[in-house]
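Trainee: Below, each chain spelled out in residue letters.
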Amino acid sequence: MIMRVILLERKIQYVIIFTLISFSLLLSACGPKMVTKGEKFPLLYEEAPSAILVLPPINQTTAANAKEYYSTTIQEPLSFTGYYVFPYEVTAEILKMEGIYDAELLTNVSLPKFREYFGADAVLFTTIKKWDLSYIVIASTLTVSVDCQLKSTHSDQVLWEYNGTVVVDLSGGSSGGGLAGLIAKVIVTAISTATTDYVPYARLANYNALSSMPYGKYHENFNRDRDQKIIEQKQK
Amino acid sequence: MKKVILILLMLVFASLISCAPKQMYNWEDYSKTLYAYKKDSNEESLLKHIKELEKIIEVSNQNNMRVPPGVYGELGYYYLRNNKIKEAVEYFNFEKQLYPESVILMDRLIQKAAVAKTLSDEAESINHAIKESEK
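Read top to bottom, the protein sequences are chains W and X.
Sequential numbering of the first sequence, starting at 3, is according to our numbering.
Sequential numbering of the second sequence, starting at 586, is according to our numbering.
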């Protein structure tokens, strides 16, 4: 009798372990594809730029003020990646004096010019893809989406690119956008009743995108993050 | 028993301390005051933003932290715009010392400041001459 009970317990244990294993397999199969920073952005490690110039954003949305507001949200998050970031307010004004209001006008300017004039090793292009509110019957959502691309002024090559998107459900329900989405959800309960402000979410979208960028020389983990895993994004 | 609890508590504290990430820079409310200035550009909002930049420098220095990149440069630029040449050049030099990567841009700005100084000196001497001749 005792033997039987023990056997039964064993059986239950096996069943539990089996379920757990199959469940975790299921989860990993459903999850996003991961790559390491080193695999994804080898050129950035190779060139190891130290000074980044942020160019005026390209606005692909219909929100006229998105460009100016978005540009206030990049300096701070980018600095935390460990690169030297030129003061955007200064460089943007200098570029403006040269007749360059947005990066669209820069497609013909050769990148080495930015090294000569500013001393930049790389330039950061940002494109605002989404900056809107959408109202659906029961819910309304706010979306901020930005494409970021870092290009070398030495080799003209793309050193890093990533998209940052934050979707906020303003009705207080669930939200997407990975980890940043979760953070956004916490904040949103506080502001959902007040007027909607895009800027904190734009900053989150930046943090979201920049989390995949290999660290620069002022970061304590500079050159030690090659094996850090990031979510693989489909390149257009 | 008490000893065990004490040790456990100490362990919890130790783990909490090691978990708190060391902050790299202190940006205070930089993005807030900059956004307010962009939203409504006037002397008051600019002054608030300048105060914030000064606060970043002050608090960073108090806590032995590196002043974030661009802060000295941006502050110097506002001084330059207000024709306060001496302060402007001082801040550009601070940025250059702290971040050697900025040397090309900072030297360019210092040059600009020198030109602005000659211009304002000239204007002053012309004014002076006019006043003299009026006597």
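In case anyone wonders, no lab produced these hints; they're calculated from the structure.
Check the hints yourself; a few may be wrong.
[Claimed, not checked] A few chain W positions that, by computed beta-carbon distances, are all more than 12 Å from chain X:
| hint | residue |
| --- | --- |
| 1 | Lys35 |
| 2 | Lys39 |
| 3 | Glu48 |
| 4 | Thr64 |
| 5 | Ile76 |
| 6 | Asp171 |
| 7 | Val201 |
| 8 | Arg205 |
| 9 | Lys236 |
[Said to hold, decoys possible] In the SDA-like style, the derived pairs of lysine to any residue whose C-alpha atoms are separated by at most 20 Å in a straight line are:
| hint | chain 1 | residue 1 | chain 2 | residue 2 |
| --- | --- | --- | --- | --- |
| 10 | X | Lys681 | W | Glu91 |
| 11 | X | Lys624 | W | Phe82 |
| 12 | W | Lys115 | X | Asp692 |
| 13 | X | Lys617 | W | Phe82 |
| 14 | X | Lys681 | W | Asp104 |
| 15 | W | Lys115 | X | Ile689 |
| 16 | X | Lys617 | W | Tyr71 |
| 17 | W | Lys98 | X | Asn667 |
| 18 | X | Lys624 | W | Ile233 |
| 19 | W | Lys35 | W | Ile233 |
| 20 | X | Lys624 | W | Ile60 |
| 21 | W | Lys132 | W | Glu91 |
| 22 | X | Lys669 | W | Glu95 |
| 23 | W | Lys98 | X | Lys697 |
| 24 | X | Lys623 | W | Lys219 |
| 25 | X | Lys681 | X | Ser705 |
| 26 | W | Lys219 | X | Asn667 |
| 27 | W | Lys98 | X | Lys640 |
| 28 | X | Lys640 | W | Lys115 |
| 29 | W | Lys69 | X | Ser616 |
| 30 | X | Lys617 | W | Lys219 |
[As the list claims (entries may be wrong)] Quick list of simulated restraints, FRET-style, between CB atoms:
| hint | chain 1 | residue 1 | chain 2 | residue 2 | range |
| --- | --- | --- | --- | --- | --- |
| 31 | X | Ile715 | W | Asn110 | 29 to 35 Å |
| 32 | X | Glu643 | W | Asp158 | 40 to 46 Å |
| 33 | X | Ser626 | W | Asp104 | 47 to 53 Å |
| 34 | X | Gln696 | W | Tyr137 | 38 to 44 Å |
| 35 | W | Leu107 | X | Asn678 | 30 to 36 Å |
Just so it is clear, the structure is predicted and the values come from calculations on it, not from any experiment.
Where is the CB? At the ideal position from N, CA and C, for every residue including glycine.
Trainee: For every hint, state whether the structure bears it out.
Mentor: Status of the hints after comparison with the structure:
Chain X leaves Lys35/W outside its interface by the beta-carbon criterion, the shortest separation being 27 Å against a cut-off of 12 Å. No beta-carbon of chain X is positioned within 12 Å of the beta-carbon of Lys39/W; the least distance is around 18 Å. Listed as outside the interface, Glu48/W is consistent with that label: its C-beta sits roughly 19 Å from the nearest C-beta of chain X, beyond the 12 Å cut-off. Every CB of chain X lies more than 12 Å from the CB of Thr64/W, the least distance being 19 Å, so the non-interface label holds.
Not every Cβ of chain X is farther than 12 Å from the Cβ of Ile76/W; the closest lies at roughly 9 Å, contradicting the non-interface assignment. A cut-off of 12 Å between C-beta atoms confirms that Asp171/W is not in contact with chain X; the least separation is 23 Å. Consistency note on Val201/W: stated as away from chain X, yet its beta-carbon is not over 12 Å from all of that chain's, at 5 Å minimum. Residue placement check: Arg205/W does not keep its beta carbon more than 12 Å from all beta carbons of chain X (closest about 7 Å).
Separation of Lys236/W from chain X is adequate, the least Cβ-Cβ distance of about 30 Å exceeding the 12 Å criterion. Proximity of Lys681/X to Glu91/W is assessed by CA-CA distance (about 17 Å); at most 20 Å being required, the pair is judged to hold. Of the pairs offered as hints, the one joining Lys624/X and Phe82/W is violated, with about 25 Å between alpha carbons and a cut-off of 20 Å exceeded. A threshold of 20 Å between alpha carbons decides the hint, and for Lys115/W with Asp692/X the separation of about 17 Å falls inside it, so the pair holds.
Restraint check for Lys617/X and Phe82/W: satisfied, since their Cα atoms lie roughly 17 Å apart, inside the 20 Å limit. The straight-line distance between the Cα atoms of Lys681/X and Asp104/W is roughly 27 Å, outside the 20 Å bound, and the hint therefore fails. Among the hinted pairs, Lys115/W with Ile689/X is consistent with the structure: their alpha-carbon atoms are about 12 Å apart, no more than 20 Å. With a C-alpha separation of about 11 Å, the suggested pair Lys617/X and Tyr71/W falls inside the 20 Å cut-off, and the hint holds.
Between the alpha carbons of Lys98/W and Asn667/X the distance comes to roughly 19 Å, so the proposed pair stays at or under 20 Å and holds. As the CA atoms of Lys624/X and Ile233/W are separated by approximately 35 Å, the hinted pair breaks the 20 Å bound. Distance restraint check for Lys35/W and Ile233/W: the Cα-Cα separation of roughly 6 Å lies within the 20 Å cut-off, and the hinted pair is therefore satisfied. Pair hint Lys624/X plus Ile60/W holds up; C-alpha atoms about 19 Å apart against a cutoff of 20 Å.
Among the hinted pairs, Lys132/W with Glu91/W is inconsistent with the structure: their alpha-carbon atoms are about 23 Å apart, more than 20 Å. For a cut-off of 20 Å, the pair hint linking Lys669/X to Glu95/W stands: about 18 Å separates their Cα positions. Pair hint Lys98/W plus Lys697/X holds up; C-alpha atoms about 16 Å apart against a cutoff of 20 Å. The suggested pairing of Lys623/X with Lys219/W is violated, with an alpha-carbon distance near 31 Å, which exceeds 20 Å.
For the given pair, Lys681/X sits about 25 Å from Ser705/X by alpha-carbon distance, which is inconsistent with the 20 Å threshold. Using a Cα cut-off of 20 Å, the hinted pair Lys219/W and Asn667/X is violated, with the two alpha carbons roughly 34 Å apart. Straight-line distance between C-alpha atoms of Lys98/W and Lys640/X comes to about 28 Å, which puts the hinted pair past the 20 Å bound. Distance check on the hinted pair: Lys640/X and Lys115/W sit about 34 Å apart at the alpha-carbon level, beyond 20 Å; violated.
Restraint check: the Cα-Cα separation between Lys69/W and Ser616/X comes to about 15 Å, which is no more than 20 Å; the hinted pair holds. Between the alpha carbons of Lys617/X and Lys219/W the distance comes to roughly 27 Å, so the proposed pair goes past 20 Å and is violated. As the Cβ distance of Ile715/X to Asn110/W is approximately 47 Å, the hint placing it in 29 to 35 Å is violated. Our hint of 40 to 46 Å for Glu643/X and Asp158/W holds, since their Cβ atoms are close to 41 Å apart.
For Ser626/X paired with Asp104/W, a C-beta distance near 19 Å fails the hint of 47 to 53 Å. A hinted range of 38 to 44 Å for the beta carbons of Gln696/X and Tyr137/W is inconsistent with their spacing of about 53 Å. Checked against the given bound of 30 to 36 Å, the beta carbons of Leu107/W and Asn678/X, roughly 32 Å apart, stay inside it.
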